[in-house]
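K.L.:
Here is what each chain is made of, one letter per residue.
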Amino acid sequence: MSLLSVRDLTVSFPTSDGVVRAVRGLSFDVEAGQTLGIVGETGSGKSVSALSLLGLNPGADISGSAVFEGTELLALRQDQLRRVRGAEIAMIFQDPLSSLHPYYRVGWQICEAIRTHRRTSRAEAMRQAVELLRMVSIPQPERRVSAFPHELSGGMRQRAMIAMALALRPKLLIADEPTTALDATVQAQLMELLGGMQRELGMAMIVITHDLGLVATVADSVLVMYAGRGAERADYRTIFRSPHHPYTRGLLASIPGAAGSGGRLVPIVGQPPSLIRIPSGCAFHPRCPFAMDVCVRDQPPFVPVSGGEGHLSACWLPPDAVGVDAAADVARQRYVEGRRGPAIARLRAAVAGARPGGAVAHG
Amino acid sequence: MIRFVIRRVVQGIVTLWVIVSLVFVLFFMTNPDPARLLAGKSATLSEVASIRAALGLNHPIWQQYLSYLGRLLSGNLGESYKLHEPVTTLLGQWVQVDISLAVGAGIIWLILGLSVGILAARRPRSVWDRSATVFVLTGLSTPTFILGLLLLYVFFYVLTTHGISIFPGAGNYTPFLTNPAEWARDLILPWLTLALITAATYARLSRSSLLEVLGEDYIRTARAKGLSERRIIYRHALRAAITPIVTQFGIDLATVLGGAIITETVFGLPGLGENVVSAIGREDLPVIQGIVLVAAAFIVVANIVVDAVYAVLDPRVRLS
Ligand SMILES: Nc1ncnc2c1ncn2[C@@H]1O[C@H](COP(=O)(O)OP(=O)(O)OP(=O)(O)O)[C@@H](O)[C@H]1O
Ligand code: SF4
Ligand SMILES: [Mg+2]
Numbered sequence: 001m002s003l004l005s006v007r008d009l010t011v012s013f014p015t016s017d018g019v020v021r022a023v024r025g026l027s028f029d030v031e032a033g034q035t036l037g038i039v040g041e042t043g044s045g046k047s048v049s050a051l052s053l054l055g056l057n058p059g060a061d062i063s064g065s066a067v068f069e070g071t072e073l074l075a076l077r078q079d080q081l082r083r084v085r086g087a088e089i090a091m092i093f094q095d096p097l098s099s100l101h102p103y104y105r106v107g108w109q110i111c112e113a114i115r116t117h118r119r120t121s122r123a124e125a126m127r128q129a130v131e132l133l134r135m136v137s138i139p140q141p142e143r144r145v146s147a148f149p150h151e152l153s154g155g156m157r158q159r160a161m162i163a164m165a166l167a168l169r170p171k172l173l174i175a176d177e178p179t180t181a182l183d184a185t186v187q188a189q190l191m192e193l194l195g196g197m198q199r200e201l202g203m204a205m206i207v208i209t210h211d212l213g214l215v216a217t218v219a220d221s222v223l224v225m226y227a228g229r230g231a232e233r234a235d236y237r238t239i240f241r242s243p244h245h246p247y248t249r250g251l252l253a254s255i256p257g258a259a260g261s262g263g264r265l266v267p268i269v270g271q272p273p274s275l276i277r278i279p280s281g282c283a284f285h286p287r288c289p290f291a292m293d294v295c296v297r298d299q300p301p302f303v304p305v306s307g308g309e310g311h312l313s314a315c316w317l318p319p320d321a322v323g324v325d326a327a328a329d330v331a332r333q334r335y336v337e338g339r340r341g342p343a344i345a346r347l348r349a350a351v352a353g354a355r356p357g358g359a360v361a362h363g
Numbered sequence: 001m002i003r004f005v006i007r008r009v010v011q012g013i014v015t016l017w018v019i020v021s022l023v024f025v026l027f028f029m030t031n032p033d034p035a036r037l038l039a040g041k042s043a044t045l046s047e048v049a050s051i052r053a054a055l056g057l058n059h060p061i062w063q064q065y066l067s068y069l070g071r072l073l074s075g076n077l078g079e080s081y082k083l084h085e086p087v088t089t090l091l092g093q094w095v096q097v098d099i100s101l102a103v104g105a106g107i108i109w110l111i112l113g114l115s116v117g118i119l120a121a122r123r124p125r126s127v128w129d130r131s132a133t134v135f136v137l138t139g140l141s142t143p144t145f146i147l148g149l150l151l152l153y154v155f156f157y158v159l160t161t162h163g164i165s166i167f168p169g170a171g172n173y174t175p176f177l178t179n180p181a182e183w184a185r186d187l188i189l190p191w192l193t194l195a196l197i198t199a200a201t202y203a204r205l206s207r208s209s210l211l212e213v214l215g216e217d218y219i220r221t222a223r224a225k226g227l228s229e230r231r232i233i234y235r236h237a238l239r240a241a242i243t244p245i246v247t248q249f250g251i252d253l254a255t256v257l258g259g260a261i262i263t264e265t266v267f268g269l270p271g272l273g274e275n276v277v278s279a280i281g282r283e284d285l286p287v288i289q290g291i292v293l294v295a296a297a298f299i300v301v302a303n304i305v306v307d308a309v310y311a312v313l314d315p316r317v318r319l320s
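Same order as they appear, the protein sequences are chains A and D.
Heads up: the first sequence begins at 1 in our numbering, then just goes up one per residue.
Heads up: the second sequence begins at 1 in our numbering, then just goes up one per residue.
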């Protein structure tokens, strides 16, 4: 049984402009000791999904199921959730400067995490805090433990955040874009650190990012999200070598130097859709180079495809249309040619009509 | 920190010097003839002349100005034209009333304002929040003298006419050292008058400040750590939200210390505020000048203290 099993997670926010449908029937599993990478553009619902698991989304309408070690998280009351937060499932966030309290010393904040869940003396908690800082390779931890967040560099701050998150040896660590705010070399170091910690502590991890290239180093499997739904899911080798979903294909094309970037496919054009008025059928169809009439009409199910074991994709292309080489793209193109009719013609006309204004129309 | 304080104190001294000079210009140079004023309507010309000589008003302006500064520096604020007592002695008596007023009212408005603000911020758009809004609007739009008179009417007049005399009427003031219980009893209505109105500002300020902080990323981190809502509000959110409140508190306290004119007048309290009004009425220049200087000094000092406290509260503020 999986450590975490999410089924049909649906999250929406009622706003004055309309209902924002941030997550629409998302399902995934996280195995104990394994790392799942969740990848998608901005606004695809990655953070909202993660926050919803821990009830950290005030004002959200949440349905579906999220079973963690046999417990249904979505049914827990706030006081029950508190015992899970930090202790069983810990979370780190994108911007370590704004995510640490500016007025308290780093050590104090780590001690607070420890003492919230375990009966520990102040001195013992402080000793553990120093050890944790050492564990995440912060130099001079005895000194840094009494530093304020603003006195540390960006990378050090995120290491301190990681130390705090690991303080109670959680079974699952959710890292929401842990390196986006940092520069490239620091990103790689932190990913390495996260991977190392994950192996050392035997915990499971969800690493959220919009950079597919970044998860390669740590993720066992990858879930690609688009407009609040799972687009494709597979182990990371399959995702990189035999993607099925054109959106994944586009993400790969945007990684400099990656296998798919040499092809003729350009990185994905256009903007992510509005989550209040989501395009019909496959939400990706306004931007998809392979869109067919069926894509405009019907939402594709998230079903097994032939890239490998456990490879799932939500796309109307045939199950064997996988791969990143030119031949695969030609095969896809040939398949869709006979399946484009009036719906696609209308779509093209709408896009062409919108082009002089510079905007891309969808829906 | 020390360098910071020294720099601010020097700035404060310069500010006070500017105020002192303005006072000199306003009160001594624009005044037609203080000697005549002092001598009274029936004085003869020679009497006026001798008073003028005694006050040094015959000397050139710059000499008058320098000797004026010299007197101030030696702590001599002159003598009241009408009360015939040194101004410093008078100020010493009157300021006690304002200290009493400020301390009591300050505590009440801080506790009341913060409580209302926290209650409102914890449940935005709830009944509590809406009641808090009513409280704030009422407080902000009620003139001090109306509230003062209303409190006097209800707690003094109505109660006393029903045979219950808990609260004294206007014109009572017992120094703290004479009888602390009487002191508090005499001041409770003035305290409430000042505090209820000022608390509105604090309720609004603490609500908005807290709401802003509650949306910060580090509050989400605190939740993700599994902290209780209580701890999140009081240890994390309030800790950050309190800074603007402290600043406001320092300035408001200093303002009351420099004289709460309306409250003192309504309740007949012999503080700086009431006395500046009567000094203006009888054109008692040394007294007016003394009160203006004291009020200004309170504000200047409060600003320095507030900045220092700010630096203590927010570790990110670098003092240099
Ligand atoms: N409290 C909220 N109220 C209304 N809309 C919200 C709320 N929180 C999130 N959303 C919306 O939900 C959508 C998904 O947001 P989410 O933060 O999950 O995106 P993301 O995939 O994490 O993107 P990013 O890469 O920018 O972090 C966004 O369109 C966002 O505007
Ligand atoms: S279902 Fe159609 S539009 Fe959607 S990704 Fe597949 S081919 Fe493109
Ligand atoms: Mg996000």
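In short, the hints are calculated from the structure, not lab data.
A quick note: this is a predicted structure, and the numbers were derived from the prediction, not measured.
Just so it is clear, CB atoms sit at the ideal spot from N, CA and C, and this is done for glycine as well.
Keep in mind that the hints are not guaranteed to be accurate.
To be verified - What follows is a set of in silico ranges between Cβ atoms, one per label pair, in the way DEER data are often shown:
| # | chain 1 | residue 1 | chain 2 | residue 2 | range |
| --- | --- | --- | --- | --- | --- |
| 1 | D | T138 | A | G270 | 30 to 38 Å |
| 2 | A | G202 | D | P315 | 33 to 41 Å |
| 3 | D | V14 | A | A188 | 49 to 57 Å |
| 4 | A | Q140 | D | P244 | 32 to 40 Å |
| 5 | D | S131 | A | A352 | 17 to 25 Å |
| 6 | A | R348 | D | P244 | 52 to 60 Å |
| 7 | A | E200 | D | R231 | 25 to 33 Å |
| 8 | D | P124 | A | E200 | 38 to 46 Å |
Claimed, not checked - A short, non-exhaustive set of chain A residues, derived as facing chain D with CB atoms under 10 Å:
| # | residue |
| --- | --- |
| 9 | L54 |
| 10 | L76 |
| 11 | R77 |
| 12 | I92 |
| 13 | Q94 |
| 14 | L97 |
| 15 | S99 |
| 16 | H101 |
| 17 | Q109 |
| 18 | A113 |
| 19 | F148 |
| 20 | L152 |
| 21 | A165 |
| 22 | G310 |
| 23 | L312 |
K.L.:
Now, for every hint given, state plainly whether the structure supports it.
P.N.:
Results of checking the hints against the structure:
1. D:T138 with A:G270: 30 to 38 Å: Hint violated: Cβ distance 53 Å, outside 30 to 38 Å.
2. A:G202 with D:P315: 33 to 41 Å: Taking Cβ atoms as reference, A:G202 and D:P315 lie about 37 Å apart, which means the hint holds.
3. D:V14 with A:A188: 49 to 57 Å: holds, 54 Å
4. A:Q140 with D:P244: 32 to 40 Å: Given about 35 Å between the Cβ atoms, the range holds.
5. D:S131 with A:A352: 17 to 25 Å: For D:S131 and A:A352 the Cβ distance comes to about 57 Å; the hint is violated.
6. A:R348 with D:P244: 52 to 60 Å: holds, 56 Å
7. A:E200 with D:R231: 25 to 33 Å: holds, 30 Å
8. D:P124 with A:E200: 38 to 46 Å: holds, 43 Å
9. L54: Holds - the Cβ of A:L54 comes within 10 Å of chain D, reaching about 6 Å at its closest.
10. L76: violated, 12 Å
11. R77: With a closest approach of 12 Å, the A:R77 hint is violated.
12. I92: OK, holds: A:I92 within 10 Å of chain D, min 8 Å.
13. Q94: holds, 8 Å
14. L97: Holds. Min distance 9 Å.
15. S99: holds, 5 Å
16. H101: holds, 4 Å
17. Q109: Hint on A:Q109: holds, closest Cβ of chain D at ~8 Å, below 10 Å.
18. A113: holds, 5 Å
19. F148: With a closest approach of 5 Å, the A:F148 hint holds.
20. L152: violated, 12 Å
21. A165: holds, 8 Å
22. G310: Constraint on A:G310 not satisfied, violated at 30 Å.
23. L312: Hint violated; A:L312 Cβ to chain D Cβ min 29 Å, cut 10 Å.
Going through the hint list in order, the structure does not satisfy hints 1, 5, 10, 11, 20, 22, 23.
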